[in-house]
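Chemist: If you want the building blocks of each chain, they are given just below.
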Amino acid sequence: MSRASDLAIRARGLRKVFSGKVAVRNLTLDVPRGEVFGFLGPNGAGKSTSVKMLLGLIFPTSGEAEILGCPAGDVKTRSKVGFLPEHFRFYDWLTSAELLKLHGRLYGMSHALLRERVPALLDVVGLTPHRDKRLHDFSKGMLQRIGLAQALLNEPDLIFLDEPTSGLDPFGRRLVRDIIKAQRDRGATVLLNSHLLGEVEITCDRVAFIKDGEVVETRQLNGEDEEQITVSIRAVNVSREVVNGLSQWTPSVRSEGDRLTLTLLSSALLPEVVRYLVAKGADVYEVTPERLSLEERFLEIVGRDGGL
Amino acid sequence: MGIWIIAGVTFREAARKKMLWMALAAGVAFLILFGTGLHFQAKDFAAHGMSPVLRREISFAMLTMGLYAVDLLAVLMTILTSVDTLSGEIASGTIQAVATKPVPRWQVLGGKWFGFLGMLTAFIAIMVGGVNAVTYVMAGVTARHLVRGFLLMWMESVVLLSITFAFGTYFSTLTSGVLALGLHGLAFLGGWIEQFGALTQTQRAVNVGVIASVLMPSEALWRRAAFEMQSPLANAMRISPFSTLSVPSMAMVFYAALYLAISLLIAIRRFSQRDL
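Protein chains in written order, with my numbering: chain A, 1 to 308; chain B, 1001 to 1276.
Please keep in mind that the hints were generated in silico from the structure rather than gathered at the bench.
Ideal Cβ placement from N, Cα and C applies to all residues, glycine included.
Treat the hints with caution; some may be incorrect.
Each computed PhoX-like pair below joins lysine-lysine, with the alpha-carbon atoms no more than 25 Å apart [what the hints assert, rightly or not]:
hint	chain 1	residue 1	chain 2	residue 2
1	A	Lys101	A	Lys140
2	B	Lys1017	A	Lys101
3	A	Lys101	A	Lys133
4	B	Lys1018	A	Lys133
5	A	Lys80	A	Lys181
6	A	Lys101	A	Lys80
7	A	Lys101	A	Lys76
8	A	Lys133	B	Lys1017
9	B	Lys1017	A	Lys140
10	A	Lys76	A	Lys140
11	A	Lys211	A	Lys21
Covered stretches of chain A, as calculated for chain B (at least 3 residues, CB under 8 Å) [claimed, not checked]:
hint	region
12	53 to 67
13	79 to 92
14	101 to 112
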């Protein structure tokens, strides 16, 4: 268990009820500093409401949350936090450079620092040629890019990105991935709210599946975990007795022709299983560990109906 | 400080509204019309050899009429330009990028309030100044207590701005607009009931007007402003159609200041405690 000071986000029993309708049931969450954490869930699962509670935009009905060691919504802490809302919009008569300057000043940044940061960030999000263009001439993707830039202005310790690739083309999506990676390398914590499984799988260290306003499961994505895996083994000379003997490692074995499919609680058990089969006289031709894909797990958790 | 940054951007946002420029264009058109009318009247006065006292009184009546039109424009401008700044930005999510910055919510609301205050002050000053300038040039007459009158008209606008902000923290843009205009309409009607009550010496009708002014003191501030600005003779004769058989007291002006402050405090309190 991490110490509270090591946590960028700490939520305990957060609950939000809107006019009798439960939006978030019970959000309990620890996100260590420096982690890229994904929030996955179907539409209406309570992802955005959860993020807004952590940011202090929405007040929880019950429960408590801390951001960077301070209560959620603390004004001073906000200078270390960046946020890209799901649909970023602002006064559309501002140019992109003006918008960044304005938001930088709201962060309390000096004019000198902004003179340095604004062009650099416009460059990062690929909007340098559009620095003097007004937002009303921006496409949805460009708005998302400038929104991303304003979330990074203050070099935040914690960044909330709510559906950051919404409206972006493949280049834009790549850009978001690169930016998230750069932020991780800088030591920042990123909370990525998304329903795009592939995106989360590529960028996040850990993911929480949310359904009906509750974290159903958290899962490590960087391969260092010891969670269950499904293994497909092609082997001949495997007697019924030998198959039954596999139950000491797994309750779930399926045998079809020369193929055995079994689920192990940990990948560390796999060599033992192979040694057992060989010792019992089986000829093993192929061993394929199949990590349950994020998509399969997602569908398993939220249900095939997409939670609708 | 965040409040002044937000005030600055809100002022620019407010000053960009087409409605403001249309209102200013309407104001300029009105000043031209007003000036032309005054010009012909002044010529006629000279041709008919009208007595200076009567000439002066008629010019004063024209001035009050002009200021009355400015007052109506200012009331509409105040409510219609500011009504969506809170509810609209909350509904669209625009407020989220600001409310997550290290600026307390009271400063976000205060900044917006000051931004609109700046825009409305400039609008009222230009229009009140314009009407007085035209009357002075054409007929040699300006408001009796110009600054006092301006401040009262300005205060009427600030009262409406504050109550519109308070409504905007609770209701949608449309509901807030209907409520703010409805309250002013109530005060307007109450003001006339009070005047007719005073004319017919019906105390209960006067009381109805006073109650309307307690609910919304905007119209009372205009009637006090008219009293301060028009000629002493018109006030003594109590016959002007734009004021003021029953002059709102200074106590009502203080009450309006209190009303304004409480509206603003309610807006800040609600905005600080609500979900965005």
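Chemist: Hint by hint, note whether the structure agrees.
Modeler: Hints versus structure:
1. A/Lys101 / A/Lys140: With Cα atoms ~21 Å apart, A/Lys101 and A/Lys140 stay inside 25 Å; holds.
2. B/Lys1017 / A/Lys101: Cα-Cα ~22 Å, so holds.
3. A/Lys101 / A/Lys133: Holds: A/Lys101 and A/Lys133 sit about 14 Å apart, inside 25 Å.
4. B/Lys1018 / A/Lys133: holds, 21 Å
5. A/Lys80 / A/Lys181: holds, 18 Å
6. A/Lys101 / A/Lys80: Holds, because 17 Å separates the two Cα atoms, which is no more than 25 Å.
7. A/Lys101 / A/Lys76: holds, 20 Å
8. A/Lys133 / B/Lys1017: Status holds; Cα separation ~20 Å.
9. B/Lys1017 / A/Lys140: holds, 23 Å
10. A/Lys76 / A/Lys140: violated, 31 Å
11. A/Lys211 / A/Lys21: holds, 15 Å
12. 53 to 67: As far as the region 53 to 67 of chain A goes, the hint holds, because 5 residues have Cβ atoms under 8 Å from chain B.
13. 79 to 92: The restraint on the region 79 to 92 of chain A holds, since 10 of its residues have a Cβ under 8 Å from chain B and three suffice.
14. 101 to 112: Since 6 is at least three, the answer is holds.
In summary, the one numbered hint that this structure violates is 10.
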